[in-house]
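One gets my numbering by counting positions in the sequence shown from 1 and adding 1331 to each.
In case anyone wonders, no lab produced these hints; they're calculated from the structure. Computed from a predicted model, the values in this text were never measured in an experiment. Each residue gets a CB set at the ideal place from its N, CA and C atoms; glycine is no exception. A portion of the hints provided could be inaccurate.
Okay, the calculated beta carbon distance ranges per label pair [stated by the list, open to error]:
| # | residue 1 | residue 2 | range |
| --- | --- | --- | --- |
| 1 | E1385 | K1334 | 25 to 35 Å |
| 2 | K1389 | K1416 | 15 to 25 Å |
| 3 | N1386 | K1365 | 14 to 24 Å |
| 4 | G1381 | K1420 | 32 to 42 Å |
| 5 | S1333 | N1359 | 26 to 36 Å |
| 6 | S1333 | R1380 | 25 to 35 Å |
| 7 | E1385 | V1337 | 31 to 41 Å |
| 8 | S1333 | E1385 | 30 to 40 Å |
| 9 | T1370 | L1398 | 17 to 27 Å |
| 10 | S1357 | D1387 | 17 to 27 Å |
| 11 | K1420 | Q1341 | 11 to 21 Å |
| 12 | K1420 | K1353 | 27 to 37 Å |
| 13 | R1417 | R1380 | 29 to 39 Å |
| 14 | K1388 | I1335 | 18 to 28 Å |
Within a straight-line C-alpha distance of at most 20 Å, the following computed DMTMM-like cross-link-like pairs (lysine to aspartate or glutamate) qualify [claimed, not checked]:
| # | residue 1 | residue 2 |
| --- | --- | --- |
| 15 | K1366 | D1397 |
| 16 | K1420 | E1400 |
| 17 | K1334 | E1400 |
| 18 | K1346 | E1363 |
| 19 | K1416 | E1363 |
| 20 | K1366 | E1402 |
| 21 | K1393 | E1358 |
| 22 | K1377 | E1400 |
| 23 | K1377 | D1397 |
| 24 | K1377 | E1402 |
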Amino acid sequence: MSKINVLKTQAKALKPIVQVGKNGLSENVINEIKKVLKTKKLVKVKLTRGVLEENDKKDLSKMIADLTESEIISLVGFNLTIYPKRLLK
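Sequences and hints are given; from them, build the entire structure.
The following block contains the structure:
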């Protein structure tokens, strides 16, 4: 089983830790995600409907992954799961 598949399985049991709301992807939200990635490694982010009215969820997810130097593990519904790129190697 690949590492990505193992992480997807682990992600199912996680609850979202960070929420991206109607104010969008602010610097504070990015910093919070980075901080959580350092301690928890596998992070689930909740994307609210308010932020998705202005942005496509796939584009927003890619932007979050790029800004936090992480890899998208899964995007199911409004929940994005990411993992630090440095740990996937």
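Now the hints, each set against the structure:
Restraint check, E1385 to K1334: a C-beta distance of roughly 33 Å satisfies the suggested window 25 to 35 Å. With their beta carbons about 18 Å apart, K1389 and K1416 fall inside the hinted range of 15 to 25 Å. Between N1386 and K1365 the Cβ separation comes to about 20 Å, which falls inside the hinted range of 14 to 24 Å. Distance hint check for G1381 and K1420: the Cβ-Cβ separation is about 36 Å, which falls inside the suggested range of 32 to 42 Å.
The hinted window of 26 to 36 Å between S1333 and N1359 holds, with their beta carbons roughly 34 Å apart. For the hinted restraint 25 to 35 Å between S1333 and R1380, the CB-CB distance of approximately 32 Å keeps it satisfied. Hint check: E1385 to V1337, Cβ distance near 34 Å, so the stated range 31 to 41 Å holds. Between S1333 and E1385 the Cβ separation comes to about 34 Å, which falls inside the hinted range of 30 to 40 Å.
A hinted range of 17 to 27 Å for the beta carbons of T1370 and L1398 is consistent with their spacing of about 18 Å. A hinted range of 17 to 27 Å holds for the C-beta pair S1357 and D1387, which are about 19 Å apart. At about 18 Å, the CB distance of K1420 to Q1341 agrees with the hint of 11 to 21 Å. A hinted range of 27 to 37 Å holds for the C-beta pair K1420 and K1353, which are about 36 Å apart.
At about 32 Å, the beta-carbon gap between R1417 and R1380 stays in the expected band of 29 to 39 Å. In this structure, K1388 and I1335 meet the distance hint of 18 to 28 Å, their C-beta atoms being roughly 20 Å apart. Between K1366 and D1397, the direct Cα distance comes to roughly 15 Å. Compliance with the 20 Å bound is thereby established for this hinted pair. Of the pairs offered as hints, the one joining K1420 and E1400 holds, with about 13 Å between alpha carbons and a cut-off of 20 Å not exceeded.
Restraint check for K1334 and E1400: satisfied, since their Cα atoms lie roughly 18 Å apart, inside the 20 Å limit. Under the criterion of a C-alpha separation no larger than 20 Å, the hint pairing K1346 with E1363 is consistent with the structure, at around 16 Å. Distance restraint check for K1416 and E1363: the Cα-Cα separation of roughly 17 Å lies within the 20 Å cut-off, and the hinted pair is therefore satisfied. Between K1366 and E1402 the CA atoms are separated by roughly 15 Å; this keeps the pair inside 20 Å, and the hint holds.
Between K1393 and E1358 the CA atoms are separated by roughly 16 Å; this keeps the pair inside 20 Å, and the hint holds. In summary, the hint linking K1377 to E1400 is supported, as the alpha carbons are separated by about 18 Å, within the 20 Å threshold. Simply put, K1377 and D1397 have alpha-carbon atoms about 17 Å apart, close enough for the 20 Å limit, and the pair holds. Under the criterion of a C-alpha separation no larger than 20 Å, the hint pairing K1377 with E1402 is consistent with the structure, at around 16 Å.
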